[in-house]
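Protein chains in written order, with the numbering used here: chain A, 1 to 630; chain B, 1001 to 1590.
Honestly, I wouldn't trust all of these hints.
Derived SDA-like pairs (lysine to any residue); straight-line CA-CA distance at most 25 Å [claimed, not checked]:
#: 1; chain 1: B; residue 1: Lys1397; chain 2: A; residue 2: Val152
#: 2; chain 1: B; residue 1: Lys1324; chain 2: B; residue 2: Lys1470
#: 3; chain 1: B; residue 1: Lys1423; chain 2: A; residue 2: Thr182
#: 4; chain 1: A; residue 1: Lys455; chain 2: B; residue 2: Lys1423
Chain A residues, not near chain B, derived (Cβ > 10 Å throughout) [unchecked claim]:
#: 5; residue: Ala60
#: 6; residue: Leu72
#: 7; residue: Trp137
#: 8; residue: Arg553
Keep in mind the hints are simulated off the structure, nothing from the lab.
Just so it is clear, CB atoms sit at the ideal spot from N, CA and C, and this is done for glycine as well.
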Amino acid sequence: MSTAVAHAHTDDHHHHEESFLSKYVFSMDHKMISKQFLITGIIMGLIGMGMSIAFRLQLAYPDTSFPILEWLFGSKWAPDGKLDAGYYMALVTMHGTIMVFYVLTAGLSGTFANLLLPLQIGARDMASPFMNMLSYWFFLLSSIVLLSSLFVETGPASGGWTIYPPLSALPKAMPGSGMGMTLWLSAIILFIASSLLGGINYISTVLNMRTKGMSMTRLPLTVWALFLTAVLGLLSFPVLLGGGLLLLFDRGFGTSFYLSDIYLGSAGALEHTGGSPVLFQHLFWFLGHPEVYIIIMPALGITSEVIAINSRKPIFGYTAMVISLLGIAFLSFIVWGHHMFITGMNPLLGAVFLVTTLIIAVPSAVKTFNYLATLWRGNIRFTNAMMFAIGLVSFFISGGLTGIFLGNATLDIQLHDTYFVVGHFHIVMGCAAIFGMLAGIYHWFPKMFGRLMNKPLGYIHFWLTFISAYLVFFPMHFIGLAGVPRRYYAFTLLPEYGVWADVNVLMTMAAILGGLAQIVFIYNFFSSIFIGKKASQNPWEANTLEWTTPVERIHGNWPGEIPTVYRWAYDYSNPAYEEDFKMQNIPDEDHEIELFETETKLTPSAEDEPVNETVNFFTLIKNWFIPRTV
Amino acid sequence: MSKKFKQQSKWLFLVLGLFFVQQSFAYKNVLTRPINGVEGTDELIEKGSTLFAANCASCHALKGKVVGPALAGVIDKYDQDYEWLNAWIKNNQKLIKSGDARANAIYDEYNGAAMNIFENLSDDDINSILMWIDNDGDGPTEGGQGPVSLPDPEPIPDSLFNNINWAIVIMSLLIFIIILMIFGILELISNVTGKAIINWNNINAYMMLVFLVGFFGLVLYEYSVHKQFLLPESASEHGIELDKMMQWTFAATLPVFFVTQFLLFYFSFKYRQKPGRKAYFLSHNNNLEYVWTIIPAIVLAVLVSGGFKMWNQILRSNAGENTKKIEVFAYQFGWNARYPGADGELGTANYNLINGMNPLGVANKEHATGLITELGQDIVSTQEAIDRLPHELAKLKSTLGGLVGDDRDARLRKIAEYTSGDKEDDLRLTIRARNTQIERLKGALKVEEGSMFTGKGDDDQVVGEIHLVKDELITFKFRARDVIHSAYLPYFRTQMNVVPGLPTEFTFRPIKSTEDMRLIKGDPEFDYYLVCNKICGNAHFNMKMKVVVEDQISYDKWMNEQAGLFVKKEETENAETESTEEGTETVALN
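The shape of chain A in the complex, shown without the other chains (with noise of 0.2 Å):
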């Protein structure tokens, strides 16, 4: 089957009587792994979300018993209808756990990666699809032992997502570090197996797997980005692993890596010495900052696409975008110090992070200005992908700037751990990151089953979504700056924060309905698989070879041979053509020319943006990075 895979495929296209297992469970097509990805990560995401509005009840309502809890989490959990201490804090781990890793890491990598990198660089598949298919089922073991520590005696880890010894390393601190916690380690183990597995193949696939003609420099902002990832993620994730190994060590071996000077309640003076749990720190946010990176940029990439086939413009600065992507790339490893500020971390060591932290809003700042000027004068067509795309840059744009606050040590001492600190994450990460999702989900969704979803809810989807995000998480910047700690059961002991209590309930109200809109976006998504409208070949246009590839999505990807490459992927609304689009794979039949380089030439309409080509020091700088030819 293997081989089949590998090479068969030029001559032998068509369908293979495949079995059911081989087909849809055991599969070994990436377009299969990235569907089979894409579903786990939306039930992923849905507990998450239905964690958090848990939570949130709480957080409104401290005082009122809500019956739907006790029957979702029994009565040990939260008897009367009143969320349990300890749960709270376990149902704010689990959230974080399951959205970080498994929704924005696994289910957006994972399925962007898989279906996008063979399609867009014109590959049969993936460079190692038994790889590809165990890196699934690494991922879907993970989330069963994760999941599973919902049952466990104790619950479910519940030391908040970043897991700090010594409360994570002693199962004697808290009723969560037990039986939960181990379960959490594993899981995260045999979750950065399957990342490890994914990384490697997407790496390898787009280094060496590219078509004719598919040159880095023609390589759609989609690939670039979920390539740079992979990078990311198999630079990082190791390092996690070691510090996780350690923990596991510290908990069941008696090591001292984390752990020194302790006593404890129930347990008397500890033996272990020696340790140091900022150690732990600095391992966790090695992995833990490139993976804020892991999480938006497949996102950033799927709105450059996006954006640019819906305003039917090319996407503004290919060059700087993929430069500004580098840069993230590569200041996104050490800047992982800016969640240590206040840690105990030597303040010198403070202030260097406090630099390159500022830094690196220097390439996102170009990546939203790109955006900008990518809309500007195009001819927008508002598809769903399109609007979600529109919605992420919002985000971007108001989640970045909060960052310049906390990236500043000196502004952090305040702002350390209180909501501004959870405002600022869940808009730049979170909702911009979940908006990539939805807009990658409706824009490739006619490449994945063939059909389109329904576009009037995915209007309502939409609106419904980003109204209500904006509600929950915005007036969440204010709480923090009155300087409200994060991860706060109830203020009954702090009588002073009572005046949230208004707006803690408008929070909860608005998640409630950010929830109720994914209700729409399941119904769309899962009806339109069986009954949404069919799908034409190319749907929106696009230039980019997913597109050239049949509806019914053979194994192999193009019935006959891969096509050739011809030109830059957004070759959108060019003077020199009667379309507004020209794909990739169609040559020029007059002139082989670079558009690429010689647009000005080719813009006629001169009274609108005169260049004035005078040798100045940018322009030398602008032909030292560019040269004449591609």
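With chain A's structure known, arrange chain B on it following the hints.
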């Protein structure tokens, strides 16, 4: 006490409360029985209230579970067995190890999350706490709910849940289906006529504008409503600078926020698709790229240099060298502070020296010697517990027969713990840890030069609230007992993690006294609090300590009332009798 009587008395006191609510004395003795042979008095109940707030409230409430169980009715729950209650509260772990059935049942119910030790509480203290609990806490006289008792959950009436909500669900489902059908019909029509009935593109383009207006409107509205709560008045010197930096950052980011969001939605609206139009082909413009690379870079460089400078000023200047130092100690779930006492120097402290009487582990030779004996006894009792295991296992097995359902499962799990050897391993590990601790203590006692037993800690005062002198530079030295905590003082713009095994500190100058801040806020009840801001366990949200900033005179007065930790006995007693009316800081250690 019957339920009916409680109800009646509640009403009675609600009415009475209306009369007495202005009285400073809020405790009305409604005890129907003596506690442990002591008749309840208002003074004792009041003392109990203070002790409860200082020692118990972070983990317990009267009604509703916090981390530990609800304490209302606890006396009757344990059949008025005061001896047992005293033993449990003082050192529950000793009781568990002694094989006491009730103690072990609680321990199992809470999955081995043991309660802290309160050996510093005397029998009288415990009696007064129990008295306060039996008195319904602060009772109805305080208008229903005291700050420490969680209010009763208000159940949503069944009828509401059953009728209206289901009606809403069915209604919204119907509406959803109708909307779906309308869209379907419209699409059919447009397919037949060949004309689009709804121009979604235009609708969404206009929605973008509407959203833009609504979004900015709501942002400004919320700002107008909440601006009074944002960044509370700074009460520390560096806080004023920090606030300025915050304003500069706002000045740099808010215009960008408004301009870019405006452009995003405005472009979306303006350049919506129109028939016959073609987009303007513009693939790149490097000059523009330079502009929006360099301008943000310059702005950020300015912010970086400002932040860098101030960060160094706050955390890396050596201003802390000659300041007054106090130790802030965090544990699950509370805070303590340690003042240096008369000698002006904090004595050495070590986690190996912590016990019920010395919660911070301050070094003192006599205490260390006593602790070694105590640990030795602990080893003996643990060994006894190990010896008892087979007997206990036999008992568990022999009574398994009658159990069904969940009880049987729980019992089987418990038996598995015994048979797998987990239980024994756990106890053996305890013995090993105690032996290690004894060796460490003995080693430390032997050290001649650089010994930690310098006696400097003997006059250190361990207190349950921090008092600071206005305008005096102060350094907090942080130490954690068990897990990572974070000391957060929002009014002082101060935060630092408290990490076990890693000393951290923060130096600042408070410039507004509690009284000043009360005037500024117009709230006579206002107090500064030190709260925990790093997840540290189930009662994380209840970890707080009062911080009082006052003038030198009141500070000295307060300081004189605080007894040294290991000052000779007569002195301590004197100090205690002096301070009985004032407060209970000396006893409220834990």
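Holds or violated: Lys1423(B) with Thr182(A), Cα cutoff 25 Å? holds, 19 Å
May I ask you to check that Arg553(A) keeps its beta-carbon over 10 Å from the closest beta-carbon of chain B? holds, 25 Å
Just want to verify: Trp137(A) was marked as not at the interface with chain B; is every Cβ pair farther apart than 10 Å? The assertion about Trp137(A) holds, with a minimum of 31 Å to chain B.
Would you check the hint for Lys1397(B) and Val152(A), treating anything up to 25 Å between C-alpha atoms as holding? Within the cut-off at roughly 24 Å; holds.
Per the stated criterion, does the least C-beta distance between Leu72(A) and chain B lie above 10 Å, as a non-interface residue requires? Label holds. Min Cβ-Cβ 14 Å, cutoff 10 Å.
Take a quick look at whether Lys455(A) and Lys1423(B) sit within 25 Å of each other, Cα to Cα. Between Lys455(A) and Lys1423(B) the Cα gap is close to 61 Å, so the pair fails against 25 Å, i.e. violated.
Is the Cβ of Ala60(A) farther than 10 Å from every Cβ of chain B? Non-interface label stands for Ala60(A): nearest chain B Cβ at 14 Å, farther than 10 Å.
Given hint Lys1470(B) paired with Lys1324(B) - CA-CA distance at most 25 Å: holds, 13 Å
Checked against the numbered hints above, the structure violates only hint 4.
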